[in-house]
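Engineer: Listed here are the chains, written in short residue letters.
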Amino acid sequence: VLELAKGFRGKKVHRIARDRVAKALEHSYRDRRRKKRDFHKLWITRIGAAARLHGLGYSEFMHGLNRQKVELNRQLLANMAILDPDSFKSLADSVSSLPPLKVSLLMPFFLFF
Amino acid sequence: QKLRAGLIPQVTEGRRWLLIDAKKEVLGRLASKLAIVLMGKDKPTYSPNKDEGDICVVINAKHITYTGGWKLKNKVYYWHTGYIGHLKQIKLNHMIERDPTLPLRKAVFRMMPRNRLHRRRMLKLRVFADERHPFDDKPLVPWTMPPRNIRKPRIYVPRSIKLARRKLAEREAAAAAAAAAAAESEGDGGTAKEGVDRPQ
Chain A
1 VLELAKGFRG
11 KKVHRIARDR
21 VAKALEHSYR
31 DRRRKKRDFH
41 KLWITRIGAA
51 ARLHGLGYSE
61 FMHGLNRQKV
71 ELNRQLLANM
81 AILDPDSFKS
91 LADSVSSLPP
101 LKVSLLMPFF
111 LFF
Chain B
1 QKLRAGLIPQ
11 VTEGRRWLLI
21 DAKKEVLGRL
31 ASKLAIVLMG
41 KDKPTYSPNK
51 DEGDICVVIN
61 AKHITYTGGW
71 KLKNKVYYWH
81 TGYIGHLKQI
91 KLNHMIERDP
101 TLPLRKAVFR
111 MMPRNRLHRR
121 RMLKLRVFAD
131 ERHPFDDKPL
141 VPWTMPPRNI
151 RKPRIYVPRS
161 IKLARRKLAE
171 REAAAAAAAA
181 AAAESEGDGG
191 TAKEGVDRPQ
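Line order of the protein sequences matches chains A and B. Counting along the first sequence from 1, when you hit position 18 you're at 18 in full-length UniProt numbering, and nothing is skipped either side. Counting along the second sequence from 1, when you hit position 4 you're at 4 in full-length UniProt numbering, and nothing is skipped either side.
Okay, chain A solo, but in the shape it has when bound (with noise of 0.2 Å):
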């Protein structure tokens, strides 16, 4: 366990490790789950933030890629906006050229009655 508390602040007793290390491994399986939502949250932002730049939402610049069957994923998506804006520039042209779609709206008032 003492080889686990590495660089614990003070902790290098073994019973005050235990409890610490413990904690710690907790914290770390927890975050390693926590991570890849983290990750997700930051590339969204991104990804929204640059859309913002060619006059879209984050919505709008998602559907318009899934209209497409553009399956990239957002890591490269937000990536792509950083060092690669002329591509990402495309893309949102892309989308920004598709035509609108007629949205019925008469049916889900149908389905009331």
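Among these hints, one or two may not hold up.
With a straight-line cut-off of 20 Å between C-alpha atoms, the simulated EDC-like cross-links for lysine to aspartate or glutamate are [said to hold, decoys possible]:
1) B/K50 x A/D38
2) B/K62 x B/D130
3) B/K41 x B/E52
4) B/K23 x B/D130
5) A/K41 x B/D42
6) A/K6 x A/D31
7) A/K41 x B/D130
8) A/K89 x B/D42
9) A/K89 x A/E71
10) B/K41 x A/D38
11) B/K24 x B/D130
12) B/K88 x B/D99
13) B/K41 x A/E60
14) B/K138 x B/D21
15) B/K24 x B/D99
16) A/K41 x A/D31
17) B/K106 x B/D136
18) A/K41 x A/E71
19) A/K6 x A/E26
20) A/K41 x B/E131
21) B/K62 x B/E131
22) B/K41 x A/D31
23) A/K36 x A/E71
24) A/K12 x A/E26
Just so you know, these hints were derived from the structure itself, not from any lab.
Chain B: place on chain A using the hints.
Structural biologist: Below, chain B without anything else, positioned relative to chain A:
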């Protein structure tokens, strides 16, 4: 009123300097966009642990509009000094007299996440009541709010007036249609007027 440039302890490279004219901007709407800009969330290089928003210089803060007829007299800012029983309050009109930049600054402060970067981000916001500001030597880029849909107010019109207007419109339309039909066709039997069935 002194003009203070203030010390900016963080790095200013890589950050834009934005000049924002607050004249006739609504307080809360401007504050929310300012908070986004100060946090750097409008940039694709946003990172929650880094403080990379742009530096905002807001001028004409005393010409901000406060909507709602009650706010100037009745909106109260509360704070507690820490001593028991010392809940202080101040109304918006008094606050504007004391320091016209405070309502905007408080609004932006409260719209940003409360973390370790909170105060550092606020340091990037410089609000001035007038048009003068001591940042003339910096490369200030003017920034405007994104366009906003202002809803048209719903004016209540009594039902009887609405019906009367509709009847007038129908009559005129029928008259116009009848005139057009008479002009085009001669002696064609009376065209059945198709009235739209309106739910009463």
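Engineer: Each hint should be assessed against the structure and marked as holding or not.
Structural biologist: Tested hints:
1. B/K50 x A/D38: holds (15 Å)
2. B/K62 x B/D130: Satisfied, since the Cα-Cα distance of roughly 7 Å is no more than 20 Å.
3. B/K41 x B/E52: holds (9 Å)
4. B/K23 x B/D130: holds (10 Å)
5. A/K41 x B/D42: holds (15 Å)
6. A/K6 x A/D31: Since the Cα atoms of A/K6 and A/D31 sit roughly 19 Å apart, the hinted pair holds (cutoff 20 Å).
7. A/K41 x B/D130: violated (40 Å)
8. A/K89 x B/D42: holds (16 Å)
9. A/K89 x A/E71: Holds. A/K89 to A/E71 sits at ~17 Å (cutoff 20 Å).
10. B/K41 x A/D38: With a Cα-Cα distance of about 16 Å, the restraint between B/K41 and A/D38 holds, given a limit of 20 Å.
11. B/K24 x B/D130: At roughly 13 Å apart (the allowed maximum being 20 Å), B/D130 and B/K24 satisfy the hint.
12. B/K88 x B/D99: holds (17 Å)
13. B/K41 x A/E60: Answer holds: B/K41 to A/E60 is near 18 Å, not above 20 Å.
14. B/K138 x B/D21: Between B/K138 and B/D21 the Cα gap is close to 16 Å, so the pair holds against 20 Å.
15. B/K24 x B/D99: Answer holds: B/K24 to B/D99 is near 18 Å, not above 20 Å.
16. A/K41 x A/D31: Distance of about 14 Å is within 20 Å: holds.
17. B/K106 x B/D136: It is violated: about 25 Å lies between the C-alpha atoms, which goes past 20 Å.
18. A/K41 x A/E71: Within the cut-off at roughly 18 Å; holds.
19. A/K6 x A/E26: holds (16 Å)
20. A/K41 x B/E131: violated (39 Å)
21. B/K62 x B/E131: holds (10 Å)
22. B/K41 x A/D31: At roughly 24 Å apart (the allowed maximum being 20 Å), A/D31 and B/K41 break the hint.
23. A/K36 x A/E71: Roughly 19 Å between the alpha carbons, so the hint for A/K36 and A/E71 holds.
24. A/K12 x A/E26: holds (18 Å)
This entry does not satisfy hints 7, 17, 20 and 22, going by the numbered hints stated previously.
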